[in-house]
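Please take these sequences and the hints and turn them into a complete structure.
Residue numbers (my numbering), protein chains in the order written: chain F, 1 to 424; chain E, 1 to 424.
There are no misleading hints in this set.
Since the list can't tell identical chains apart, any single copy or any two copies may satisfy a pair.
With a straight-line Cα cutoff of 16 Å, these simulated EDC-like cross-link-like pairs (lysine to aspartate or glutamate) come out: (1) K61 / D48; (2) K65 / D48; (3) K378 / D93; (4) K131 / E369.
These are calculated hints, taken from the structure and not from any lab test.
2 protein chains.
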Amino acid sequence: MFGIIEQVFKVYGYVPIETPVLENLSTLTGKYGEEGDRLLFKVLNNGDYLGKADDQAYQNKDSNKFTTSIAKRGMRYDLTVPFARYVVMHRNDISLPFKRYQIQPVWRADRPQKGRYQEFYQCDVDVVGSKSLSYEAELIQIYDDVFAAIGIPVVIRINHRMLLSGIAQYAGIGDQWIDMTMAIDKLDKIGEAGVRKEMTERGIPTSAQDTIFELLKHKDISSLRSAIGTDASVSGSLEEMERVFSFLDGLTLKNKVQFDITLARGLGYYTGCIFEVTAVDAEMGSLGGGGRYDNLTGVFGWPDVSGVGISFGAERIYDVLEAKGMFPSDVQAGPVILLAAFDDASHQYAFRCVSQIRQAGIAADLYPEPGKLKKQFKYAADVSCTYIAIAGESEMNNGTLMLKHLESGLQEELSVEAIISRLK
Amino acid sequence: MFGIIEQVFKVYGYVPIETPVLENLSTLTGKYGEEGDRLLFKVLNNGDYLGKADDQAYQNKDSNKFTTSIAKRGMRYDLTVPFARYVVMHRNDISLPFKRYQIQPVWRADRPQKGRYQEFYQCDVDVVGSKSLSYEAELIQIYDDVFAAIGIPVVIRINHRMLLSGIAQYAGIGDQWIDMTMAIDKLDKIGEAGVRKEMTERGIPTSAQDTIFELLKHKDISSLRSAIGTDASVSGSLEEMERVFSFLDGLTLKNKVQFDITLARGLGYYTGCIFEVTAVDAEMGSLGGGGRYDNLTGVFGWPDVSGVGISFGAERIYDVLEAKGMFPSDVQAGPVILLAAFDDASHQYAFRCVSQIRQAGIAADLYPEPGKLKKQFKYAADVSCTYIAIAGESEMNNGTLMLKHLESGLQEELSVEAIISRLK
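Here is the structure:
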């Protein structure tokens, strides 16, 4: 799966980067909210660290404060913050726009439970240093290519943060656009009534709610544009989305790309287009999401570097594939063929045969001891070989092997060359 | 480089495993000697860990003891111990012989210096659960294939731990064979005189030293065999090495495989054949090593599971490649071709062209903004493209692009299809 994703990233001109697992705690803390700080894995300083421990904090049993005196590093919590740190640190070496992808594990001290691990992979692709909307279109294509290659039909939904902000302005509650957005984000789960209730609780008047829900009914950009497109509050963001779609004009996408005015995305740092991908026919949350952010690197001292990126929810994609029984059958981790021999002489002969098969680039193995075939057949099945090839005295004399297809049981005496061309 | 290594591992029927970065400290401590324990990165327990802290140890400023009360996990220090833990933990799920490879980073709290990092990759391949010497031969082939594919000519040296032990017995100092081995291990660096001096310091008498150095002169197994081959102390290990070589008989290896009676390998746990690889024409220590060990999993409760494995020194291989300027030129991380456009219309046209090129599997990119060509050429050079393809008004009307080879400056107006077949 990572292989497919990586291949697509490369074709789109993204380069791989890796960042260290250990980051300074000062880089990590304060970036993920209070809960994030709590879930960070912190690494004890080496040596006689107690010499510099904060005695006051220890006496007060203040674990948080004490930690800062005995641990200066932590483990990567996501890929975004280390990437921002990386970009700023290498600002003199990288050419903007900088296109990178990163597939690495991250760590969170969550209580482990089904589908939630303390160590799990993230898979991000971002371009920083350009405001061009061609990248939004390109990232949509990447989603399209990846999910087509993996074999999960998806809908790629797109919206714009400033459109939501504009709608709030248009409804006369510009100051409360974040409240509005947070409520709309739950529309899928709690329906219009639930969202209205939450809006009321957050102090958004009913009249504004009516305006908002009137607008949320629009299912495409053009109908929204005819309704309020000339209003300054939304015209800019509508134009940007139209431009993204114009790049995709005339291209054949393999999945549906759909404007969704109700798409909100939780995370605070998006400032432009936002994306979310869901499977067409599987009950599963988002398989990925992303968007444009205008100031990710600012906190590390390089402001105003606009970027846009998406990520893939590797575990959920894995779960969808598993639920659908869709793991491709050609993902064979072990050897394709196992060679088996009767005695020492045929074992040595088989060793030369297996060497020849391997030199042809075919994953092949030889059972380490000659002897009972039953044991060797069992091993071939255990390591999921497709074929077994038996070397007995007559095969050795003929310069052949007895090739047997394990599932069908069909067998044929063939030269090593013939076996190689059969397996290729 | 990892790609080449991994490809060879797969062809030889090894399957990839990954183990978590975090292991219980009880798994890690005591396995790497006192220095190793000191260099382990320990991870602070989460939450209000001070509630369970060892107050006595704190008052005594005993950092080591205190650590055990506030940190129960540590970061992977090598791949061998976690592998042994993995094998024992999965003993009911794996089929023996179990062939695995593992390419993952490890962490050591060494003082960072040139060529020594706190986080670095290890690259191990092992088979456990069989004593068959065909695996020794197979691992030699793996070294041979990998270094041939990477392009570093090497010598693969082989010896046998029990041969060294046998020589000590033959020389009448059987009890001191470890002392003898440790001294011989330094022969390369300090010469015969130095080794003799050390042997004397370790209490090995001169007469025994004479016997030993007489034997160390043998450059191949057969001459050693004619000298003392019938002696029970060495006949077993000589036979084993002869058997390894007999598997390789008649095969064309691309590198030299050489018996080296002076090869000792530092680590204590080897019990059979040992290997070491050095570059033929680069002044560099070992590029890899390994050997057979008879009881790696015993400490985790599964004794007598013989295994044999080798590892690759990724950083040193990297250093050799760099020193020789041998990084293959086809390792192109970025796109092969950059498309450039003059204005909005040709930019949209170029977007469709780059999409078409990417669909053909070629890594391609489009400069995000149309306009000045100079800037776009500079970017193409910065990201190491081989070609730039320019979309102007006339190309757009002709359905072509102006393809320019950046190094030679040669250019040609071609259809996108023609460009694709040129680049494939």
